[in-house]
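Asker: Got chain A sorted already, so can you dock chains B, C and D onto it with the hints?
Protein chains: 4
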Amino acid sequence: MIVVLKENSNPAQLENLLQWLKNMNLEVHKTEGIHQTILSLVGDTTELDIDLIRALDIVDEVKRIQEPFKCVSRKSHPKDTVIKVNGIAIGGKDFQLIAGPCSVESEEQICSIAQSVKEAGATMLRGGAFKPRTSPYSFQGMRAEGIQLLLKAKQLTGLPIVTEIMAISQLPLFEEVDVIQVGARNMQNFEMLKELGRLRKPILLKRGMSNTLQELLLSAEYILDGGNEEVILCERGIRTFESYTRNTLDLSAVPALKALSHLPVIVDPSHSTGKASLVPPMSLAAAAAGADGLLIEVHHDPQHALCDGQQALTLNEFRSLAKRVQGIVSYLQNEPTGEAHV
Amino acid sequence: MIVVLKENSNPAQLENLLQWLKNMNLEVHKTEGIHQTILSLVGDTTELDIDLIRALDIVDEVKRIQEPFKCVSRKSHPKDTVIKVNGIAIGGKDFQLIAGPCSVESEEQICSIAQSVKEAGATMLRGGAFKPRTSPYSFQGMRAEGIQLLLKAKQLTGLPIVTEIMAISQLPLFEEVDVIQVGARNMQNFEMLKELGRLRKPILLKRGMSNTLQELLLSAEYILDGGNEEVILCERGIRTFESYTRNTLDLSAVPALKALSHLPVIVDPSHSTGKASLVPPMSLAAAAAGADGLLIEVHHDPQHALCDGQQALTLNEFRSLAKRVQGIVSYLQNEPTGEAHV
Amino acid sequence: MIVVLKENSNPAQLENLLQWLKNMNLEVHKTEGIHQTILSLVGDTTELDIDLIRALDIVDEVKRIQEPFKCVSRKSHPKDTVIKVNGIAIGGKDFQLIAGPCSVESEEQICSIAQSVKEAGATMLRGGAFKPRTSPYSFQGMRAEGIQLLLKAKQLTGLPIVTEIMAISQLPLFEEVDVIQVGARNMQNFEMLKELGRLRKPILLKRGMSNTLQELLLSAEYILDGGNEEVILCERGIRTFESYTRNTLDLSAVPALKALSHLPVIVDPSHSTGKASLVPPMSLAAAAAGADGLLIEVHHDPQHALCDGQQALTLNEFRSLAKRVQGIVSYLQNEPTGEAHV
Amino acid sequence: MIVVLKENSNPAQLENLLQWLKNMNLEVHKTEGIHQTILSLVGDTTELDIDLIRALDIVDEVKRIQEPFKCVSRKSHPKDTVIKVNGIAIGGKDFQLIAGPCSVESEEQICSIAQSVKEAGATMLRGGAFKPRTSPYSFQGMRAEGIQLLLKAKQLTGLPIVTEIMAISQLPLFEEVDVIQVGARNMQNFEMLKELGRLRKPILLKRGMSNTLQELLLSAEYILDGGNEEVILCERGIRTFESYTRNTLDLSAVPALKALSHLPVIVDPSHSTGKASLVPPMSLAAAAAGADGLLIEVHHDPQHALCDGQQALTLNEFRSLAKRVQGIVSYLQNEPTGEAHV
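These protein sequences, in sequence, are chains A, B, C and D.
Note that the first sequence ends on residue 341 in numbering that gives the first Met the number 0; no numbers are left out.
Note that the second sequence ends on residue 341 in numbering that gives the first Met the number 0; no numbers are left out.
Note that the third sequence ends on residue 341 in numbering that gives the first Met the number 0; no numbers are left out.
Note that the fourth sequence ends on residue 341 in numbering that gives the first Met the number 0; no numbers are left out.
Hints are computed from structural coordinates only; laboratory data are not their basis.
Some hints could be false.
[What the hints assert, rightly or not] Simulated crosslink set (DSS-like; lysine-lysine; CA at most 30 Å straight-line):
id	chain 1	residue 1	chain 2	residue 2
1	D	K21	D	K5
2	C	K92	A	K322
3	C	K130	D	K21
4	D	K200	D	K78
5	A	K92	C	K274
6	C	K83	C	K117
7	A	K5	D	K200
[As the list claims (entries may be wrong)] In silico contact screen, one side only, chain B against chain D (beta carbon under 10 Å); selected entries:
id	residue
8	G225
9	G226
10	I237
11	T247
12	L331
Where is the CB? At the ideal position from N, CA and C, for every residue including glycine.
In isolation and in its complexed conformation, chain A is listed as follows:
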């Protein structure tokens, strides 16, 4: 960590700071410049509260050199984490297709979609029971009943299920849910992250729509630091000025997160683009960028118009996409160089 001091800083305060840093087991090297004095700190600064230092009267600026996270860092854990969900592996060499409707709407709907996506190549089932909606007047999901219907679909098809939690108080309902999803709006709901850290169950953590990769990793750190090591990171688009797509899918997040961390990374091309026609090319691109899986919205074909999503694929579209994605994944794993896919 680099601490830049203000000109003419109070020597007593500086002495205090140096003493305090020494007590934190940090070595301090001082460089006197023309207008500034720079302190270079050597040692483990992960647990140093950067805001405390920054807040000092004598400090002009603080720059972190070392990464601020530990458990999620690839440095501390060079091998890919592989998370097993009912025998299915997320991370490592495997690639998973998690598909299903935006919302659970009825037993018939979720069960029929579950069977169809399974036949088409999906390895897990997604579906929203609790729905975060911008307006209080929009459909809020089937809630507890929705979870029950997902469990029926799981029983029928054997597909593990992924569904979103919106409050800690809902936790008891998630006992048989295979993967608990934390939505983008709750990525920094730190009290909830702490509770999820106490579980021993995979957490799918979506990047907040205006959160940096570092913030995403620090939110994952909350969970791992609590003892739950099964976190799946998910890029789902960030908020930018571009309005053609609902969000801007930041695919460079995939190799970046995999370089910084050992956790698996999946991509949600449906919410990020908000347009069904962009889902297939972005799915192929995500696979090519090295993602460990995809989270895709699929609706059941027929005429029940009012519940289909603008961003959802039809079953035929999903079936065709599934084949092509698997094709890219195996091409990249079996190419002449023999290298893994990034």
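Answerer: Okay, now just chains B, C and D, sitting in the frame of chain A:
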């Protein structure tokens, strides 16, 4: 609401849609263009789920003309809402200075700051007990104990207190808190908003760092729709590419929110700029833009260096600022034209 | 186009507007709502100045339904535009690798890189002679001399060259340049776009770092409207809050631009990510998303450290990447379904 | 400047770098950490090309501590620059109101507006002759003829004129123009900035819609470095995700720029908000934040509807605003503390 249909849309699906809209008591006018057919809906579309329409196979685009909110709208309630907190009025002609430290750290600290900011002109006390921190390794606040210390400071000074809640389960601790603050990261924690809608206590709702004004108003709508009409909106800076300031203070939000809604609007110049030197000019600007109050971080002067905030004012700075802000407020209220200040 | 009128709008002004629209050969349908009157315009609104309408006292809002561009639109020209550069085709079924150094630095440097990238699979040569630099104190490029050296490298290798123009006055120097690049900072240098529209030479138009896809297409429209139909669009990353990468590569721009327009679309993974390690995965992803080519920075291996770019690949890295990209391209073109790759 | 080296960096390359830095007259202090080695450079690093260092194989990261600009820095020139335009002072204690129409449309229009805004309190006249328009089909301005009409309005009223240049080749037309405006889209048109640096005439430099304050100051540095010291900075809103306003006015830019630089700073509340109703509160706020002037769009009242701007004030609105802004400015200059207004 305008619904643009796709070319050659299925007539049976269109008939379904038209029937469904009629059942919602909406009148529909159809305009046939060259490539598109446009439906103009007349009637109350507030409670129409725009995503449901957008999701239809036959729909190309939906554009809302009417505002999507109702309770918070100035159209439904032309007069300014004035919220009384222990005899202090937020909204209308009054202007409130809410000041205090970033975090509560000790009884001595919070009580001495409370007394000093009161003397300097503050009308309410702020202070964090539960602290949302990006890293699990940063100080998380004094939590329940912090609330107790705030209540002591209130008893001592008579200043009403404002402090942040981070989870519904903390609600019992907030019984004697005068104004419950919902932080930027929880602006779309909809389950919590619903609970706060059941209270009869003022809620200070901060704009999320990447949320639009419309989203902020819809989050307020969750609370009002639940029956709690006392919501104070707070602009605290949005996330942009600019890195000189911690966030970008969007002051045009003040007149914009006041035009769209009857709710009071205050400004937090401390978190938005992240730099103490920018707090005074931005406070004056917020007052000139028509804000109903300010939320300002102030620390106690002396050498307890490690707890002071980079963005916090000293007591002297706050005292001088308080006078100038009040000067601007009264200049604008008493100017020759006799107009109110926007 | 939809025009929403203000409540109680002046009837004489409305009559003026209706008359004026009729003179523009537009049909107008009027829908009277509770608070608003909506005009739906039918006809060709491409050349309607939306700001003129929006500016009217009686107008509350204007929403465009039809796309505002014409020459670049896929509607007006359903087949892919294929641009021939010295016998090399950009667009359609072909895929081009444009590689070379960030800046031309010496004859030896550019000629040796040109030969090496050609052997490694590049089909065109890139290199900067005029360099847009944020600071006046940074290296501004070899300018006219740099162009001469690029031409020598072309003579030596046969590779067509792509290089950036920064001012109209430099145009005479570009006579033998094969493709003129317009950098992100000049995407809305409209006077220059008009001049380039008078040429009969391919223009590589980079998306501005905070420009929407619609703005990019309108800038291309300036060139096509001038008579020059050979425009290659280039996604090179947009500016967002994320600071891990230099910019955020918006890969969904590739299928989106190809849906909206018939022009070829290439991707620059070097400038967008700013990190050499992210270039290979993003190159593969761009190919999978359906791009028509890549613009990649490559430096010559050895020890002349001070000129190599943080985001540039070594020759070995480029050689290996070139093979894998071509592999993905042929996989997608030859897959069982026989579909083109989006 | 801080240079962070990669782990296990090549000693010969490091030696090269250290030697090269020494030749630049920089002192280098080396701190060996666990995973990193940090070089702290002491001396004048303004003219150091940060990208060259960053590009080195052995370098992981470079962080600038010192500001990268020199001529525009307040450190090098602590007193406010005051620019005289025909006897009118921009900067220092004065406050200027620059008003006029968006575009020059006819002699009658510009002359009548010029007289009216002068009577209402304007001290300079603005008006567009060359208009940067996103679409080639939108009105491009009266161009050379527009400049002639502005000069007539100047002759009539004595108001100095401000108008935008879009290409270097237009420069001869600007000989009698008092202040040359560089629009947001040309803020990084470096070749044009260099030419303007050769003039001895005030340049009004608008911040690009996605440019940082540092980039704005470096663009100003191009002009000052060329010898032209008369640059007026202008905040005109930045591009963000918020769509209620056309841009987001970043008022904290005012005190920030004034802290970093000695140049005067004005604000354009018309383009930034895009809504006439927001112009008065944002104008008052800009004055309160310490701006040196405002650039405001005003149209002539009556029925010539098709040319008025949605964001333009009527003359009555401008007259009333001018009084209130002057009131705020004098309140802040004459307040008891006797301090200047920031």
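Asker: Tell me the numbers of any earlier hints that the structure contravenes, in ascending order.
Answerer: 7, 8 and 9
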